[in-house]
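If you're matching them up, the sequences are chains E, P, C, S, Y and R in order.
UniProt numbering puts the first residue of the first sequence at 1, with every later residue one more than the last.
UniProt numbering puts the first residue of the second sequence at 1, with every later residue one more than the last.
UniProt numbering puts the first residue of the third sequence at 1, with every later residue one more than the last.
UniProt numbering puts the first residue of the fourth sequence at 1, with every later residue one more than the last.
UniProt numbering puts the first residue of the fifth sequence at 1, with every later residue one more than the last.
UniProt numbering puts the first residue of the sixth sequence at 1, with every later residue one more than the last.
It is possible that part of the hints are untrue.
For identical chains, the list gives no copy identity; a pair is met inside one copy or between any two copies.
To be verified - Cut-off 27 Å, straight-line C-alpha distance, at most; resulting in silico cross-link-like pairs (DSSO-like, lysine-lysine):
no.: 1; residue 1: K67; residue 2: K19
no.: 2; residue 1: K22; residue 2: K37
no.: 3; residue 1: K69; residue 2: K37
no.: 4; residue 1: K67; residue 2: K21
Just so you know, the hints here were simulated from the structure itself, not pulled from any lab data.
Note that the coordinates shown come from a computational prediction; the quantities given were computed from them, not determined experimentally.
Chain by chain, the residues run as shown.
Protein chains: 6
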Amino acid sequence: MTEFDTGLPSTRMVQNLIKEKKEVEIKLMSDDLVMGKVLWQDQHCICLVDHYDQSTLVWRQAIAYLKPKV
Amino acid sequence: MTEFDTGLPSTRMVQNLIKEKKEVEIKLMSDDLVMGKVLWQDQHCICLVDHYDQSTLVWRQAIAYLKPKV
Amino acid sequence: MTEFDTGLPSTRMVQNLIKEKKEVEIKLMSDDLVMGKVLWQDQHCICLVDHYDQSTLVWRQAIAYLKPKV
Amino acid sequence: MTEFDTGLPSTRMVQNLIKEKKEVEIKLMSDDLVMGKVLWQDQHCICLVDHYDQSTLVWRQAIAYLKPKV
Amino acid sequence: MTEFDTGLPSTRMVQNLIKEKKEVEIKLMSDDLVMGKVLWQDQHCICLVDHYDQSTLVWRQAIAYLKPKV
Amino acid sequence: MTEFDTGLPSTRMVQNLIKEKKEVEIKLMSDDLVMGKVLWQDQHCICLVDHYDQSTLVWRQAIAYLKPKV
Chain E
1 MTEFDTGLPS TRMVQNLIKE KKEVEIKLMS DDLVMGKVLW QDQHCICLVD HYDQSTLVWR
61 QAIAYLKPKV
Chain P
1 MTEFDTGLPS TRMVQNLIKE KKEVEIKLMS DDLVMGKVLW QDQHCICLVD HYDQSTLVWR
61 QAIAYLKPKV
Chain C
1 MTEFDTGLPS TRMVQNLIKE KKEVEIKLMS DDLVMGKVLW QDQHCICLVD HYDQSTLVWR
61 QAIAYLKPKV
Chain S
1 MTEFDTGLPS TRMVQNLIKE KKEVEIKLMS DDLVMGKVLW QDQHCICLVD HYDQSTLVWR
61 QAIAYLKPKV
Chain Y
1 MTEFDTGLPS TRMVQNLIKE KKEVEIKLMS DDLVMGKVLW QDQHCICLVD HYDQSTLVWR
61 QAIAYLKPKV
Chain R
1 MTEFDTGLPS TRMVQNLIKE KKEVEIKLMS DDLVMGKVLW QDQHCICLVD HYDQSTLVWR
61 QAIAYLKPKV
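Produce the complete structure using the sequences and hints provided.
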């Protein structure tokens, strides 16, 4: 996690989810499932916002997988 | 976690929570939920203080997510 | 996880699974088991797609093991 | 965890706990809670000693949080 | 895990297990126990093969311990 | 965990346990408790041997704490 390369497919996939304001679910290693729209990403975190406009700062180090909702 | 860039959105978001003395909850990979106000952050840790003025030194490596309380 | 060396046996094994469109199962440290075909891999993630064409972005950091399905 | 900067607030907070011979509790990602006085710290570990003079070498990588006992 | 030094005792021990075609068991941090013969190792993974010739790609990052079977 | 500095207190403490052939217990993040004498350590692993002369290769990345037995 030492670099944040915006050209990587995984970074671009998250960037597209931000643009398209898609709902996602993120499964964490703590076994939590967090849901919402992706507001922004940086080197360490992905910021989600839910239906009540509450934001959750998710640490990348804790992410197991991310899934766009269908 | 090799650098501590104060210009990153995630670092600034935590910095704002410090300034505004906002209550937060931090979910850890150990499945613990710790709550309090953020006193300070450095490269390795985030320091919380609770209603009884007790401080808890949270290791960044263990953070799953952080949420400002509503 | 600081480099992505396409010459490594493990990277090439995943690359072959992509070419052969093989079904795999990936066990995660969150104890989840995700299944599907590998679409692509980059330095941080492996992207799976399931029978309903839904994609799942799996973070490498969370992978315990990967097994081609028989 | 690639450097051990004795000037960091978190490192100094632990250093103060050593000087003051304060009891602490450390919650680990294995979900264990270890207690005792901090004898010393280095780049990889924090060494605790309990009432029976038994020492426990705690790996920093496993620490979720540390709390001075009240 | 940033380098793969074939001169390290631990790397050589695994290399010997490959040459001797010894059965091993590997305990993972996901709490899984995988068993088989070690086919090869690289910087990120250890590849096991079981009695049915099925291979399992184990990520080093997930290994808790490895034991030659007796 | 990018360097193996034999001058660090934690590395020297393990080195002394090797010389004194002391029994230790190591708690892992997988929640396993492994016991035995420390045979050797390198940058990635600590090798234990039990009463039946069976060796266990413990990955440092998985260690929560280490305790000399009393």
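Would you list, in rising numerical order, the hints stated earlier that this structure does not obey?
none
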